[in-house]
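Enquirer: Taken in order, these protein sequences are the chains called Y and C.
1487 is the number of the first residue of the first sequence in our numbering; add one for each residue after it.
7 is the number of the first residue of the second sequence in our numbering; add one for each residue after it.
Treat the hints as calculated values from the structure; they're not laboratory data.
All figures in this text were calculated on a predicted structure; none of them were measured in a lab.
For every residue, glycine included, the Cβ atom is placed at its ideal position computed from N, Cα and C.
A hint or two may mislead.
Unchecked claim - Distance ranges between label pairs, derived from CB positions:
1) C:P202 x Y:I1658: 40 to 50 Å
2) Y:H1581 x C:E201: 19 to 29 Å
3) C:P202 x Y:A1650: 29 to 39 Å
4) C:M266 x Y:G1586: 52 to 62 Å
5) Y:P1552 x C:E259: 43 to 53 Å
6) Y:A1650 x C:R260: 51 to 61 Å
7) C:A270 x Y:L1668: 49 to 59 Å
8) Y:W1557 x C:R260: 31 to 41 Å
9) C:K263 x Y:R1648: 53 to 63 Å
10) Y:I1658 x C:L203: 46 to 56 Å
11) Y:A1650 x C:A124: 56 to 66 Å
12) C:L225 x Y:L1512: 18 to 28 Å
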Amino acid sequence: MTSYAARAVPWGLLGTGAGLMVGLLLLVEYRPYTLWPLQGAAVGLLAGLAVWCYQEPAAVLVDTLPRRLVWRTIARSAGAVGLLAIWLMAVKETHTGYFGHTADVAWQGVAAVIAATGFMTWRRSRGSTGPAAAASAAIVAIALFLALARPLADQVPLFPYRAADDWATSRILWASLALAGLAIPFVLRTSRPAPPRRTGVAVGGRWGTAAGEG
Amino acid sequence: MSAVSVPLRTAAGESMLAQLARKEIGRYLRHPLFWVGIALVALTSIGEPDGDMSSLGNVVAPAAGLGVIGLLVMASLVRGSDQIAESAGTVVVSERTRTLGLVAALVVPFTAGLIWLAWAIWAYRHWPPAPNGVPFGAVGSDWAYANLIALGLLPSLGGPILGLVIGRWVQRRGAAALFAVLLVAETIVMQGLFEPLRYLRPIAPWVYFGGPYGIPDDLDRSLILTGSPQWYSVYLVVLCALGVVIALLHDRERPRKNLMIALAVLTVLAVVTCVLAITTGVQETMINPLPSGRP
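Put together the whole structure using the sequences plus the hints.
Expert: Below you can see the structure in the form of structure tokens.
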């Protein structure tokens, strides 16, 4: 399992991203009031990196081998666990920047990784080879927007700000997200059989045809 | 591997570039993340804007929703374009033509940016900023409109162009997302929040020219920072053109002499317009004489 994880997980990307994530948290600690949006960016980056652990471009081949999806998921989770360990250590070391809510900030990261892992496992169980690029882009994009523009921050406080904000509701929202991440793959897995895996490039088939005709 | 360049024509007499441009516009329009960005921008534009800054306080929404998300959308389109070209086997369209097709797709986010700008100008007139907000004093509406263009409209071009450059030059998985986060971190650091960086901050591709920066006695007091948002808008347009040229330069199979000349000219223009953005307009931080009214 160790050698599988060593080869399957993009450690270089995770290392680079983890370095950036720690840098963001150090900046937040330096000036929490003014640089607070970077806290949400760090959570988004963490989850956006975690999905890359579950990218299986050669799923059609490995599906024929004795190692099943569950085994491969556990092996690949070494990357996500490593990221979480770095996240928790970094949050602990930068605890003075979180307005007394270090545990809440740490929980945001844990919940985001659980949700991202659940989503990717569900997609892989439905036959996708692992849409890590799209999922990572979507997670980072939405997290950055929410952290910067803070739409409906009072009603949906995903990234609360300062001590007086609604951290209790935030805790519930993140717990719901984590629960969904845990539950959805199991619920949907039992509801329908998995379709055959899709292979090859699925984007813009007509585009390729048109170019070829030219 | 040979690349046949434009002007290739289809049976209908349409150039390959025109056909590609139409396809890429369609792909941008169908990209789910683009619509996520649109929905988020629309969500933040509902109702009356911030009382102190009117729609000037909303510029971060199109910058993030059309700019930062546009970066990720365009990087994804570049990846898709390359995969399609690879799947086609024999390359019938040069990379430069495909890049120009992607440049044509910029019309999609730019149109969305224009719609936002129209709303922002209307909102600014309908709900003008409070006297203790920004702008104030001798700084008037032209300053405000230049801000809306530079910080609201132009990111809808700049973000996707940056995605095009990243997609062309950094073909490592996850690179676009990492760059998006880096861009946001750089932008926040260069917001004039740090005194030593305030004067030179227009070097960065997205900076505020005013807002509730505060003074020691009143932490939310409105300030107008140094620099000219008008020249800053011109600087951003030049940066966008520079980005397109840098993306086109990636294709080494076509002559690059003219592109290198364009690169040199645009670099000089970028330096000149950036210097003008820094050294013209307001030259000393202005403090609104009226208190913010917040504790």
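Enquirer: Evaluate the given range 18 to 28 Å for the C-beta pair formed by C:L225 and Y:L1512.
Expert: Hint holds: Cβ distance 24 Å, inside 18 to 28 Å.
Enquirer: Would you say the C-beta atoms of C:A270 and Y:L1668 sit inside 49 to 59 Å of each other?
Expert: holds (56 Å)
Enquirer: Regarding C:P202 and Y:I1658, is the given constraint of 40 to 50 Å on their beta-carbon distance met?
Expert: The hint (40 to 50 Å, Cβ to Cβ) holds, given that C:P202 and Y:I1658 are roughly 42 Å apart.
Enquirer: Do C:P202 and Y:A1650 keep their Cβ atoms within the hinted range of 29 to 39 Å?
Expert: holds (31 Å)
Enquirer: Verify the CB-CB distance for C:M266 and Y:G1586 against the hinted window 52 to 62 Å.
Expert: Given range 52 to 62 Å: holds, Cβ gap about 56 Å.
Enquirer: Within 56 to 66 Å: is that where the Cβ-Cβ distance between Y:A1650 and C:A124 falls?
Expert: violated (36 Å)
Enquirer: Is the hinted range of 53 to 63 Å satisfied by the C-beta distance from C:K263 to Y:R1648?
Expert: Given a distance of about 56 Å, which is inside 53 to 63 Å, the answer is holds.
Enquirer: I want to verify a distance hint. Is the separation of the beta carbons of Y:I1658 and C:L203 within 46 to 56 Å?
Expert: Violated, at about 39 Å.
Enquirer: Given a hint of 43 to 53 Å, does the C-beta separation of Y:P1552 and C:E259 actually sit inside it?
Expert: holds (46 Å)
Enquirer: Could you check the hint for me, namely that Y:A1650 and C:R260 are 51 to 61 Å apart, CB to CB?
Expert: Once the Cβ atoms are compared, 59 Å apart, the range 51 to 61 Å for C:R260 and Y:A1650 holds.
Enquirer: Is it true that Y:W1557 and C:R260 lie within 31 to 41 Å of each other by Cβ?
Expert: For Y:W1557 and C:R260 the Cβ distance comes to about 49 Å; the hint is violated.
Enquirer: The hint says 19 to 29 Å between Y:H1581 and C:E201; measuring C-beta to C-beta, is that right?
Expert: Because 27 Å falls inside the window, the suggested range holds.
Of the numbered hints given earlier, the model fails hints 8, 10, 11; all others are met.
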